[in-house]
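**Student:** From first to last, the protein sequence lines are chains A and E. All residue numbers for the first sequence refer to my numbering, where the first residue is 698 and numbers rise by one. All residue numbers for the second sequence refer to my numbering, where the first residue is 65 and numbers rise by one.
Any given hint might turn out to be false.
In silico BS3-like pairs for lysine-lysine, Cα to Cα no more than 27 Å straight-line [to be verified]:
1. 67(E) x 920(A)
2. 1003(A) x 1180(A)
3. 1353(A) x 1412(A)
4. 1375(A) x 1271(A)
5. 920(A) x 958(A)
6. 177(E) x 1375(A)
Computed spacing ranges between beta-carbons, pair by pair [what the hints assert, rightly or not]:
7. 82(E) x 1057(A): 37 to 45 Å
8. 1000(A) x 128(E): 35 to 43 Å
9. 229(E) x 887(A): 29 to 37 Å
10. 144(E) x 1119(A): 33 to 41 Å
11. 887(A) x 144(E): 49 to 57 Å
12. 128(E) x 979(A): 58 to 66 Å
13. 128(E) x 1033(A): 14 to 22 Å
14. 983(A) x 178(E): 44 to 52 Å
15. 131(E) x 1057(A): 42 to 50 Å
16. 983(A) x 73(E): 54 to 62 Å
17. 146(E) x 841(A): 27 to 35 Å
18. 229(E) x 1015(A): 34 to 42 Å
These are computed hints drawn from the structure, not numbers from a lab. In this text, a Cβ means the ideal position worked out from N, Cα and C, and glycines have one as well.
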Amino acid sequence: MNRTHELSRRTFMVGSAAAGGLALGFHLPLQSAAAQSAAAAAADAEVNAWVVVRPDDTCVIRIARSEMGQGTLTGLAQLVAEELECDWKKVTTESITAGQNLARKRVWGEMATGGSRGIRISQDYVRRGGAAARILLLQAAANEWNVPASELKVADGIITHPASGRQTSYGKVAAAAAQLTAPDPKTITLKDPKDWKIAGKPVKRLDTADKLNGSKVYAIDVKLPGMLCAAIKDCPVFGGKLVSYDEPKIKDRPGVRGVVKVNDTTVAVVADTWWRAKTALDALPIVWDEGSNAAQSSATIAEHLKEGLSAGVTNGERRHGDALAAIAGAAKKVEATYGTPFLAHACMETMNCTVRTSPDRAEVWVPTQNAEASLAALSEASGVPIGQCEVFKHDLGGGFGRRGGTQDYVRQAAVIAKEFPGTPIKLIWSREEDVAHDFYRPISQCRLSAGLDADGRLVGLHVRLSGQSINATLNPTAIVDGKDRRQLQGWWEEPGDAQLGYTIDNLLIEYAMRNTHVPVGPWRGVNTNQNSVYMECFIEEVARAAGKDSLEFRRALMSRHPKHLAVLNAVAEKGDWGKPLPPGVHRGIAQFMGYGSYSAATAEVSVSPAGKLKVHRMVLALDCGHAVNPDQIAAQIEGSVAYGLSATLYGENNIKNGRIAEVNFDTYEIMRLAEMPKVETVIVPSHDFWGGVGEPTISVVAPAVLNAIYAATGKPVRTLPLKNVKLV
Amino acid sequence: MAKLTINGTVHDVDVEPDTPLLWVIREQVGLTGTKYGCGVAQCGACSVHIDDVVVRSCSMRVADIKPTDRIVTIEGLSATSSHPVQRAWAALDVPQCGYCQSGQIMAAAALLKRNARPSDADIDAAMTNICRCGTYQRIRAAVHMAANTTRSGALEPALGVPASETSTL
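Produce the complete structure using the sequences and hints provided.
**Tutor:** Given below as structure tokens:
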């Protein structure tokens, strides 16, 4: 089970495309490693868009989504293989390209990979793809033996006809199967998940081997003949302009081939190696017009947001009953204001890609969460018609939402490459550039007020969120009549995606959009991360004000949300809620919903007399409906703890003189192994829906820890990161 | 011009003397398993061994390296991914995106070279590389597993150190 060696395939693809192979479109299967010789290529059979079978019975499963560590590649292959009834040990995978998808009228559907959607959105059609291939392979065997297909059986890619004792294999009938007409996918009955043998099992990832010995080729590792490298600098102040640069000062440095004005804000140096390009760029005198945004700072932005906490006009709301009156008339009132900062993604592999252009062809080798957006960006920036562009996708060294729709680095590289026709240009961002020019997790503040009756029951809740909108930066058309519900993710009324798990008779949730000059975007779990802190930490404050147990107070609000409640109950049980802890150790709990899945967590922490926090143990429960690979779900949950805890402990990007103050890991700190708590995963599958996995559980990490700190110190924490908070 | 011994092979490289070892390994020698992550010795993605000690190659000038220094990169750790650390990493499916894992594996191999049975505290102190996917729990378990490699070469998980504790209700 190893993956097709991507570079050899890509080399072939480029060659075949240049020879007009792509124009054959539908009839030309995507070529795999075996296709390096024409004879081998002829023997590989594309049974349908999703499945290629080789004569040796290897089943090559096509993957349209991007693999960035989240395991979608393995999970999607499991789903196809389950219906295909092939031998899992003989499964390999290959990525399709955006150009192929375009040429074949999007036979593989959308390629975008984000929002924890890779499996939940494509599971139906990829399973049908696997099932259709199985039906074709069985029909080919039936035709050969002249028996009805209904008399055949298949297991592990071996087809048998029990009545006659005949046997064949997928590899032997694939060429004939490829000639048959595919069944209508809508007529196919998929397996009941309770009969799954490959899906639903904790099989090993298919993509581990080359991550252990340095042989995996990330986009940053691409080597092409004659390739040059580019380093880039964008105006440090967002919205500032490039005025001039002194090219003669660096043109005689070793290896330097040129300086390119990329756009109004950006300059790049091209050299024979990246290190020479980077050092020459560092030495290049550049004059910037930083513009009026240079006056902006974290303090000015905080004031801007604070104003939104009380302003009259809102940009979206949810309302039941009369929360303001209920709170005004309540026996006891609780009020608190919370805040969370901008956060960079800081993927371990910095932004990069390699572009080669000529007047009639443009190609990019790129780590992308959205290969079709890469294709469009390449076409637009290079001026080459989209049908003559191609995207060679490399597995990402981290994505987390940074490498989705924007594709800024592809545009930049295409502009630079146009100055060097026919020469591949590898653009690599320095870490400093990567952190200073991100699309950050949006900053926000939130003021919450609650009213309790004499029995300590919640009679009204008012939530006022003030902060930046992702849609305003990236998708303005999604804001209708000034309303932008996306920022209220996790507090929605409708079931199914990011529903608030509490029923509160008098509820008012309002959003005041307060945009800044800093670009924002999706960041693994985006708004559920901040909104869960606000809601779940405030509910904790309210529960304590009511004198109630944190778990029981929540349960009392959740009777109409059985799935939320089941996950909370599961985590309470596995997390030993109510049971004694070692001296000095305290427990917190939280629940939230996002990306179609239900999450809950407990955290056990201690706070030393000097105020030092240690998170000892976390238990996380997730109901994602169907659980395609329990071990990879556990891996995602463990990773979500690190991502969420890193933000909780250290994550912040401040604005100073209009620019990002923390631009590398010495100041933009990331959690290390020593701070990783013991994580236990509880999967609570309800088998009646398909939810996301990569993102949802991050939302409960911070509030569970903060609520445990509250239990430890008796004081709520209302701002992140914790490195700025005196705990005792 | 510098002379470097990398994975047992001597390379003559023509670079400016202040070029970091990382970029010489990647761009002149052409071994790309060693990764760039920060350039300031913070993240450890660039970790290699020099005479069995793990170093952050992004912050070492090539001029400061002697031809006799034995540099080992991830590509030279073993011929067939058979180093106990690599095998433990495979057994526990440690990598997610994988980008930092060359550095993590080199750091773990160096730790085990000087401390065959590291405690959790030893692992905390030695394994300071950043993993943005958050594979830390499995890294810890895999280091223990690699340390528990028996004389016959079999890997055994350390008692009480689950790589991943998962239950399904």
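**Student:** Where does the structure disagree with the numbered hints, that is, which hint numbers, in rising order?
**Tutor:** 3, 8, 11, 12, 13, 16, 17
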